[in-house]
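Student: What follows is each chain in one-letter form.
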Amino acid sequence: MKISTSVSKASVIEDIWKNFYDRIKAQVTTTTITGSVVVPVQNWVSSFPDQLIDSKSDYPIVVVENPKFDNESFTMTKGTYKGKIGIEVYTNQGESADKFLSQIMEAIETYKYQLKLVGISMVELDGTDSDKVSRDKIKVHTRRALFKFKFNYSKTIAY
Amino acid sequence: MVIKTNIAGVIKTIDGLSKNVNKYVSDASGDFMKEVLIAARKRAPRDTKWLSRNMAVTKTKNGWDLIVASRQGFFQEEGFKPHWIHSDMIENSTKLRGEGFFFVKKSTPFVRPALSHSLAHLPKILSSATKQAIAKRGG
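Chains as they are written, first to last, in numbering that gives the first Met the number 0: chain A, 0 to 158; chain B, 0 to 138.
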C-alpha cells in the first residue's frame, strides 16, 4: 500500500499533513487491553472532535493536527520550514490511551526513511502530554505526541 | 596579539535580540493559549453546545485573549445556586432534551482547570521560544 505523498512547496501544509495522517491511519488501528478486550479506533480527524466527544461509541478518536511552521535560511538558494505536528488520541481507558500513544510514536519512528524520501527530514519526537477529563458518564483519557521536522525548499530569488 | 571588539556590532545584536525574543515569546504565548483553549473545550459542560463552540483565542495589542462568547460561561466558571431553567433557555443541548423545566444542580468550572493543566507546559514553551530567538539572531 502506497502511503507516501510527494510534498510540493505550493501545497506544503496539506501534503505534510497527509503524509502523517495516512501513516497513522494505516498503522494505528487497534489495540488490546487487559482482559483481551480489543479496542479499535473509531475515528481519525484533523481537529478537536467537538461533534464526536459526547458519544462513547465514537471513541477512540485519533486527531492528526495541522502542522505549524517557522522559516529559516538553509543556503543562499534554499530555505527550511521547521515544523511541528501534534497527534492526539482520545480514549475511554487509560491503558488503551498509553498503548495508542506508543503505536503513534512507533508508526512515525519507523516511517522516518519514507518521510525523508518525500523531503520531510529530521523527524523527531518533541514531547508527549497526557490529560484526563470526566464528562458526565464518560471518562476521557487523552495522550498527545508532538513531532518536529524540517522541509527544505528552493527559494524564489528576488533582487 | 590584537583583539578587536566591535562594540557597535554587539549593541546591534543585543538590540535585535530583544525584538526577536519579543516576537518569539509572543508567538509561543499564542501556542500556549491555544493549548488552554483545547483543554477548556474538553472540560466545558455540554448542557449547551454553544459554550464549547463559542470559545476562541484572539491576538490583541497587549497579548492573547481567551474569549468565551456564551452567557453561561461566566456562571459555569464562577458558580451558581441550584435553580430551574426552561428548555427555551438551553441552546442545542446534548444532555437535556424535550420541552419544560430542568433543575440545574451544580456549575462546572472549565477555564481555571484548563489553565492549571496547561501551566505545567509554559516553562518549556517559553524556554524553547527564547532559544529559537537567540539561534535566529546568531547567538
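There may be inaccurate statements among the hints.
In silico BS3-like cross-links for lysine-lysine, where the CA-CA straight-line distance does not exceed 25 Å [to be verified]: (1) LYS22(B) with LYS138(A); (2) LYS154(A) with LYS24(A); (3) LYS154(A) with LYS135(B); (4) LYS33(B) with LYS149(A); (5) LYS55(A) with LYS18(B); (6) LYS81(A) with LYS58(B); (7) LYS83(A) with LYS18(B); (8) LYS58(B) with LYS83(A); (9) LYS22(B) with LYS147(A).
Hints were generated in silico from the structure; no laboratory data involved.
Student: Going through the earlier hints one by one, which of them does the structure break, listed in rising order?
Tutor: Hints 1, 2 and 5 not satisfied by this model.
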